[in-house]
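Engineer: These are the residues of each chain, in order.
2 protein chains.
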Amino acid sequence: MKDGPYSFEIKKPNYIPSQYDNHITRHLSNMAGQYLDQDDFENQLAEGDNLLYEVYELKRPEVAGEILHGISIVHPGKVGQEYYMTKGHYHTVLATAEIYYTLQGQGYMVMETPEGDWSVESLSPGSVLYVPPRWAHRSVNIDPTQDLVMFFAYPGDAGHNYASIETQGFRKLVVEVDGSAAVVDNPRWAPPESR
Amino acid sequence: MKDGPYSFEIKKPNYIPSQYDNHITRHLSNMAGQYLDQDDFENQLAEGDNLLYEVYELKRPEVAGEILHGISIVHPGKVGQEYYMTKGHYHTVLATAEIYYTLQGQGYMVMETPEGDWSVESLSPGSVLYVPPRWAHRSVNIDPTQDLVMFFAYPGDAGHNYASIETQGFRKLVVEVDGSAAVVDNPRWAPPESR
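For the protein sequence lines, the chains are S and V, in the order given. Everything in the first sequence is counted per the numbering used here, starting at 1 for the first residue and increasing by one. Everything in the second sequence is counted per the numbering used here, starting at 1 for the first residue and increasing by one.
Hints are computed from structural coordinates only; laboratory data are not their basis. Treat each hint with caution, since some may be false.
One copy or two, either will do: identical chains are not told apart, so a pair holds if it fits within one copy or between any two.
[What the hints assert, rightly or not] In silico lysine-lysine, DSBU-like type, Cα no more than 30 Å apart, as pairs:
| hint | residue 1 | residue 2 |
| --- | --- | --- |
| 1 | K172 | K2 |
| 2 | K2 | K78 |
| 3 | K59 | K11 |
| 4 | K172 | K87 |
Sequences are here, hints too, so could you generate the full structure?
Structural biologist: What follows is the structure in structure tokens.
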């Protein structure tokens with residue numbers, strides 16, 4: 001971690017930051033229970049533990065006032081009809097935002113609040129997405145041929161809360177229907193008042 | 001201001017956000033006292049009040065946890081040998097960072113702390129610059145032919161403190177010397193202990 005100002009490059013063809021502190025890799029086995037089609041999940045896993053997504057982070061003090069930042073790369077693929085996606089999370093400090101700039105690819109950000117409101121925004125190169133405080137978020141790569149690459153930034157004290165999402169997933173799934181991406185209800189999801 | 005998540009585009013050729021809430025314009029007259037060459041400043045102003053830079057902002061609640069964001073565009077030009085630049089500022093909440101992604105152009109970010117430490121980082125397309133908490137910052141367009149365009153993001157409660165910089169400027173100036181950009185001492189600057 002540097003004391004003073006610093007800069008680095010995120011450029012074609014792979015957008016990997018020219019300097020970074022952490023490289024996080026998430027494989028199929030890290031997504032147990034996240035995909036609706038458990039049979040296909042098990043079948044795929046038996047053939048190999050595919051790399052689904054990667055995150056390159058620059059390290060900063062995890063305090064308010066700092067901005068944590070880096071690059072996320074979601075590879076193309078599907079489990080059943082569901083596209084490869086990130087685990088998705090709330091921030092531990094719920095009232096913290098996140099902002100994304102899409103560098104490459106095509107995708108969706110699937111979002112929801114603890115109250116059950118939901119939103120899905122499309123992601124394409126040159127688009128900025130603002131995830132307001134209190135919205136859980138998951139990115140989904142809907143392009144079968146290329147990575148979804150995004151620059152992200154969020155408050156230093158935000159933290160990550162994966163547990164809520166791991167329990168029953170998001171309210172909406174992004175699936176392939178007749179060769180195109182569609183947003184559909186998640187049959188495993190239950191409204192907050194029934195949990 | 002929107003309640004939920006939103007997205008917008010920042011794309012060639014002009015990178016103006018496809019939606020925004022504020023459009024701030026800074027003309028030569030807004031930079032009184034900022035340039036070293038006061039004679040050239042007055043001469044240019046007598047001929048017209050040039051537009052030096054513009055900021056397009058998305059509005060968010062100005063509280064911690066939110067991330068304020070938008071685009072800044074510094075036009076090409078000089079006053080004396082000094083390039084067109086932003087006013088520059090500390091954040092009112094001093095211990096807040098800012099992050100920039102350069103979309104177009106060539107420039108420098110000139111930075112310093114209240115203690116007199118300084119740093120100058122170059123800006124070019126695809127570069128990310130991190131301005132840590134406590135660092136004042138000013139962007140300078142060193143390309144005589146094109147705009148310097150950057151995406152910026154900073155904590156919602158940061159605020160702007162222009163007064164310290166207006167008094168005596170930054171420790172370093174970016175000037176043209178023999179057709180190239182050079183970082184030189186600001187003769188009007190004084191160290192903190194002497195103020």
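Engineer: My question is about K2 and K78: at a cut-off of 30 Å on alpha-carbon distance, are they close within one copy, between copies, both, or neither?
Structural biologist: Answer is neither: 39 Å inside a copy and 33 Å across each miss the 30 Å cutoff.
Engineer: Given identical chains, is K59 near K11, meaning Cα to Cα at most 30 Å, within a copy, between copies, both, or neither?
Structural biologist: So K59 and K11 pass the 30 Å test inside a copy (20 Å) and across (29 Å) alike.
Engineer: How would you classify K172 and K87 at a CA-CA limit of 30 Å: within, between, both, or neither?
Structural biologist: This pair counts as within: shortest intra-copy Cα distance 14 Å, inter-copy 46 Å.
Engineer: Which holds for K172 with K2 at a C-alpha limit of 30 Å: within a copy, between copies, both or neither?
Structural biologist: Intra 40 Å, inter 21 Å, cutoff 30 Å: inter-copy only.
This entry does not satisfy hint 2, going by the numbered hints stated previously; all others are met.
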